[in-house]
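**Student:** Going down the list, the protein sequences come from chains A and B. Reading the first sequence from the start, the letters are residues 1 to 281 in the numbering used here. Reading the second sequence from the start, the letters are residues 1 to 187 in the numbering used here.
No lab work stands behind these hints, which were simulated from the structure alone. Just so you know, not all the hints are guaranteed correct.
[To be verified] One-sided and incomplete, this derived list gives chain B residues near chain A with beta-carbon spacing under 10 Å:
id, residue
1, Leu17
2, Ile54
3, Ala67
4, Thr80
5, Gly103
6, Ala129
7, Asn170
8, Gly176
[Claimed, not checked] In silico EDC-like pairs for lysine to aspartate or glutamate, Cα to Cα no more than 16 Å straight-line:
id, chain 1, residue 1, chain 2, residue 2
9, A, Lys231, A, Glu279
10, B, Lys114, B, Asp56
11, A, Lys109, B, Asp56
12, B, Lys185, A, Asp42
13, B, Lys68, A, Glu104
14, B, Lys183, A, Glu5
15, A, Lys109, B, Asp34
16, A, Lys138, A, Asp42
17, A, Lys245, B, Glu182
18, A, Lys109, B, Glu182
19, B, Lys68, A, Asp64
No residue lacks a Cβ here, since even glycine has one placed at the ideal position from N, Cα and C.
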Amino acid sequence: MSVREINSSLITEAVKKLCIEANCHLSCDIKNCIKASYEKEDWPQAKEILERIIENFEISDKRDQPVCQDTGVACVFLSIGQEVHIVGNLEDAVNEGVRQGYGEGYLRKSVVRDPLNRVNTGDNTPAMIYYDIVPGDKIEITVAPKGFGSENMSKIAMLRPSDGVEGVIDFVCRTVEEAGPNPCPPIVVGVGIGGTFDKAAYLAKKALLRPVDVPNEDPYYAELEAKLLEKINSLGIGPQGFGGKTTALAVNIEKFPTHIAGLPVAVNINCHVTRHKSEVI
Amino acid sequence: MEIKIQTPLTVSDARALKAGDSCLISGVIYTARDAAHKRLCELVAKGEELPFDIKDSIIYFVCPTPAKPGQAIGSAGPTTSYRMDAYSPTLISQGLTGMIGKGKRGPEVIDAMKEHGAVYFGAIGGCGALLSNCIKKAEIVAYEDLGAEAVRRLEVVDFPAIVIIDSYGNNLYETGRASYLEKCKNS
Chain A
1 MSVREINSSL
11 ITEAVKKLCI
21 EANCHLSCDI
31 KNCIKASYEK
41 EDWPQAKEIL
51 ERIIENFEIS
61 DKRDQPVCQD
71 TGVACVFLSI
81 GQEVHIVGNL
91 EDAVNEGVRQ
101 GYGEGYLRKS
111 VVRDPLNRVN
121 TGDNTPAMIY
131 YDIVPGDKIE
141 ITVAPKGFGS
151 ENMSKIAMLR
161 PSDGVEGVID
171 FVCRTVEEAG
181 PNPCPPIVVG
191 VGIGGTFDKA
201 AYLAKKALLR
211 PVDVPNEDPY
221 YAELEAKLLE
231 KINSLGIGPQ
241 GFGGKTTALA
251 VNIEKFPTHI
261 AGLPVAVNIN
271 CHVTRHKSEV
281 I
Chain B
1 MEIKIQTPLT
11 VSDARALKAG
21 DSCLISGVIY
31 TARDAAHKRL
41 CELVAKGEEL
51 PFDIKDSIIY
61 FVCPTPAKPG
71 QAIGSAGPTT
81 SYRMDAYSPT
91 LISQGLTGMI
101 GKGKRGPEVI
111 DAMKEHGAVY
121 FGAIGGCGAL
131 LSNCIKKAEI
141 VAYEDLGAEA
151 VRRLEVVDFP
161 AIVIIDSYGN
171 NLYETGRASY
181 LEKCKNS
């Protein structure tokens with residue numbers, strides 16, 4: 001198989017476009033899920049808030065305006081075909097796309113250069129870049145702007161194997177309950193189970209990329225997702241935390257093999273403004 | 001029924017509001033979040049004047065997206081309030097009567113609200129595009145170097161906000177959820 005050359009300027013172009021699109025237009029799965037929750041919700045204040053949330057994303061669609069003012073850190077997932085040769089510097093190309101997208105799209109610049117000596121970089125770079133090498137000769141780019149109201153409510157636990165699935169359920173529900181109104185419910189809950197300490201967190205983030213209407217392909221985990229969603233929605237937190245049945249829109253789990261001694265579980269919370277857009281080059 | 005509020009918000013106005021009240025706020029409010037709060041409290045500690053009159057004022061915890069040409073402001077929904085808990089009691093002691101944000105507040109803030117007469121309002125998190133409709137004018141009044149986090153003077157008309165915690169410590173996050181769960185139990 002021959003090597004396919006891809007100029008890094010194409011990556012810049014795609015990242016720029018995806019940053020703007022993801023921030024201004026929610027994907028259909030999340031919009032439909034919010035609308036369905038509105039129909040099912042019977043607590044008056046909760047219903048009213050869901051109505052405002054729908055009105056908000058409709059305004060964004062109409063005006064190409066960010067759905068939320070926290071246009072996030074740009075999480076950029078690259079699945080790079082192993083037959084691809086990239087001409088130019090890949091990391092620079094991604095960051096240039098973020099710089100242009102956040103500038104030209106009137107998006108907020110929310111990144112500080114140093115976590116302790118906090119000075120804004122002014123262009124929302126650097127992006128958080130995740131690389132995957134996959135078979136093929138294409139590059140799939142996903143941009144997922146991540147707001148920090150919900151990111152701050154995320155947690156990780158190194159459970160014991162004996163804690164089992166009950167331990168996982170307990171940890172996920174406790175994390176959501178402690179977060180309460182802070183992450184802007186209704187939320188999407190990304191859960192990573194297995195791997196190592198860091199791998200579990202990565203899986204939890206990656207779980208948030210899956211559409212909310214697509215269950216895990218493993219029936220056992222699909223059932224666990226449904227059970228967790230039901231448990232979370234019986235907590236009564238509701239939209240914005242004022243009570244109601246719509247605390248979460250979906251629970252997405254990703255799993256990975258792990259060590260005989262461990263059961264890592266990470267919970268990455270996202271708000272109702274769960275954003276991601278993809279393109280294949 | 002919504003309660004119309006015109007700024008400035010006096011202590012007696014604040015004391016009249018109850019957790020759960022739906023309000024429409026009009027007039028001038030100021031924006032500030034993490035970095036600006038830190039600077040405001042440093043000024044108070046040094047006994048220096050604040051860049052705006054804080055007495056009977058409302059601070060909105062927000063950091064908007066840049067305005068497109070022809071817009072007064074970009075998307076402008078609330079940020080999570082607990083990050084301001086370290087600073088809010090100081091500002092309340094200086095005369096701040098209202099805060100708009102989202103999410104829980106710590107006991108030190110609630111104590112200060114009860115003592116001095118201040119209210120914590122919630123705006124709907126994640127509805128920045130919708131809320132920007134109510135903001136008619138925005139200008140930076142301090143800390144331009146903070147970029148998005150600069151302090152802005154906003155002119156708002158019928159800005160929708162719900163009283164989450166009133167000046168007596170009643171908390172809609174507790175009562176709203178409890179009454180929903182009570183309803184579930186009885187049905």
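**Student:** All the hints need checking, so say for each whether the structure fits it.
**Tutor:** How the hints compare with the structure:
| no. | hint | result |
| --- | --- | --- |
| 1 | Leu17 | violated (16 Å) |
| 2 | Ile54 | violated (23 Å) |
| 3 | Ala67 | holds (7 Å) |
| 4 | Thr80 | holds (5 Å) |
| 5 | Gly103 | holds (4 Å) |
| 6 | Ala129 | holds (4 Å) |
| 7 | Asn170 | violated (13 Å) |
| 8 | Gly176 | holds (4 Å) |
| 9 | A/Lys231 x A/Glu279 | violated (35 Å) |
| 10 | B/Lys114 x B/Asp56 | holds (15 Å) |
| 11 | A/Lys109 x B/Asp56 | violated (31 Å) |
| 12 | B/Lys185 x A/Asp42 | holds (14 Å) |
| 13 | B/Lys68 x A/Glu104 | holds (10 Å) |
| 14 | B/Lys183 x A/Glu5 | violated (62 Å) |
| 15 | A/Lys109 x B/Asp34 | holds (15 Å) |
| 16 | A/Lys138 x A/Asp42 | violated (47 Å) |
| 17 | A/Lys245 x B/Glu182 | holds (13 Å) |
| 18 | A/Lys109 x B/Glu182 | violated (43 Å) |
| 19 | B/Lys68 x A/Asp64 | holds (10 Å) |
Violated hints, in rising order: 1, 2, 7, 9, 11, 14, 16 and 18; the structure is consistent with all others.
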